[in-house]
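Letter by letter, the chains look like this.
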Amino acid sequence: MGGLTLQYALRRFGIFLMTVWLASSVIFIIPRLAPGDPIQSMISRMSESAGYVENSEKIVEGFKERFGLNDPMYVQYGRYIGGLVSLDLGVSLAMFPTPVKEIVGRALPWSIGLMSISLVLYFFIGNLFGALLSWKKTPFFAKIAISASMIFTSIPGILCALILIYLFAFNFDIFPFTGSYERGLEPAWTIEFFSSVIYYGTLPALSVVLVTFGFWTIGMRGMMVTVEGEDYMTFGQAKGLKPFYLLYRYQVRNAILPQITALAFTIGTIVAGQILVEAAFAYRGMGSVIVNAIKDVDYTVIQGTSFILILITATSVLILDLIYPLIDPRITFQKN
Amino acid sequence: MLKRKSISNPWLNTPLVCGALVIGLLLSSTLIGNIFWDTELAATRSAPLNLPPYGFENMRKQEGVIEHPLGTTNSGRDMLAVMLVGTPATMSIGLIAAGIGMLIGIILGFTSGFYGGLWDDFVRLMADTTTTIPALAVLIVVQSLFRVEVNTMAAMIALFAWPGPTRYIRAQVLTMRESGYVKMAKLSGAPERDIMFKEMLPNLIPYLAASFIGNTSGAILTAIGLEVLGLGPTRMPTLGVTIFFSLEAAAILRDMWWWWGLPTLTLILIFMGLLMINVGLDEVSNPRLRKASK
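Read top to bottom, the protein sequences are chains Z and E.
Number 295 in my numbering belongs to position 295 of the first sequence; there are no gaps in the numbering.
If you want my numbering, it's the position in the second sequence, counting the first as 1, plus 1000.
Treat the hints with care, since some could be wrong.
[Unchecked claim] Here are some chain E residues pointing at chain Z (derived, C-beta under 10 Å):
hint	residue
1	SER1046
2	ILE1100
3	LEU1103
4	ILE1106
5	ALA1137
6	LEU1231
7	LEU1267
8	PHE1271
Since the hints were made in silico from the structure, they are not lab data.
Ideal placement from N, C-alpha and C gives every residue a C-beta, glycine not left out.
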């Protein structure tokens, strides 16, 4: 099992629990620090946008009763945490009896699908480019092209998405503006539906990949330079190994390990960035759920989706942390 | 050749100078513009609607006018005024958030590294935990209820900007604590505060600067995220808020490129400038990079 000790796994899991608990407590406490309450402010926001709301007093009281806002704070907190543990996220305020879990559940596969596909792409492309940048046999023009493509790294995904929409959806009319698949198509395991999903997903995925891969290119290049000075590289060369074999089996394999740690550190930013990209494309993922909930002032949905985002991020980090010692048995995690 | 390089001032490297130029030009031009241009025009209904920039035509064949050289929005905001107000506002969110985050980081990093013990364990646990929390997710909830304005928003973003500096400073303090000059200072009876801030802190300045810049762009990124989702400050047309309004009005479809394009372009310049400064500062604090780069 390499460096994966029970103590290490327990500590990581502890941090995972701490993260989720702390973040969801902040989400619970901060809204209650201010005068008034969520329901009250929701109703007043509603009447701001929709004009006078009839019987608003009664509505507020009814909602308060329904959501138990008249109970003491610790009872509310206990109920809230208990609900989160059983993944019960409450009921949508705007689409009233629909549970938040159902709304999120419909969007989640789209977000996770987009996330995993782009993760594979940017991790592969980024590391490939980084390896090529440091390799002596890479043609000069390729190095220039790779360096130039790194400009995207500093741009947030949402801005990249806007530019891609403008270029490829508006100007050249190659890709669709919004959506996840063709209107009128029924989700099914057919080739037609799949190709539609890929066609509609290209620009959103491209926005995420373009702005993210450079991060790994930079890291990989640095690691490759470090590995290049190692004795076993010289030995491999002296043995007369083919340059590509040497690059792949000797250099890349060793250089890629720290990249996985880097992935754990950045995953939160990437998830947040993807949410915005989804919002820009009206992609059926969590991004659109959040945008719609904000428009409808649907507080429970906003809270629920935020909790799920926190959960996704923390879980990804936990998985990466646990995988890492398995891939690299040299790493022994000491307590301090 | 090699000799000249080692003498030259490390603070004058190309990326740092270029980045500082980009950010400096952007800030100074908006500040100068604030003097010469009426920024009241950034309010709604202060100009004709949907005009293109001067010298261009919009989809309805209207020509741009010199009174509104960068065009107007669908609610009659003058784009030049919006950019002049929005650019410094967006930058200040980043700077305030990074500043507060850095301050917390310095205090926590020094105290936990210097004193160790239970306090150190606590700070480390909090830092490990906070890095994993996606700031955007928490702030969406807060902002959807309160709608705070620019400065409060910056302060809230700062609550997620301290773990980076804290961790680094703590690690550095741990190594510095054992070094000769710190032991010497301790022996000669210097107060602990002086040891921390007069002996140790100056060593960290290049890194702290790089981390400050990194946090600035991170904070701007979070702010943009909130704003584009429609949760920006209500009274200030920051760049993200402007992009949100343009997307709401389908500005891309209506070919109103000046409306979404100008703030997007400015933001890209800001982010690229900050990245270049960061790369430059890395070269200052890490001399090995200087050799590798050229």
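Hints, verified against the model:
no., hint, verdict
1, SER1046, "violated (23 Å)"
2, ILE1100, "violated (17 Å)"
3, LEU1103, "violated (20 Å)"
4, ILE1106, "violated (21 Å)"
5, ALA1137, "holds (4 Å)"
6, LEU1231, "holds (6 Å)"
7, LEU1267, "holds (6 Å)"
8, PHE1271, "holds (4 Å)"
Hints 1, 2, 3 and 4 from the list above are not met by this structure, while the remaining hints are.
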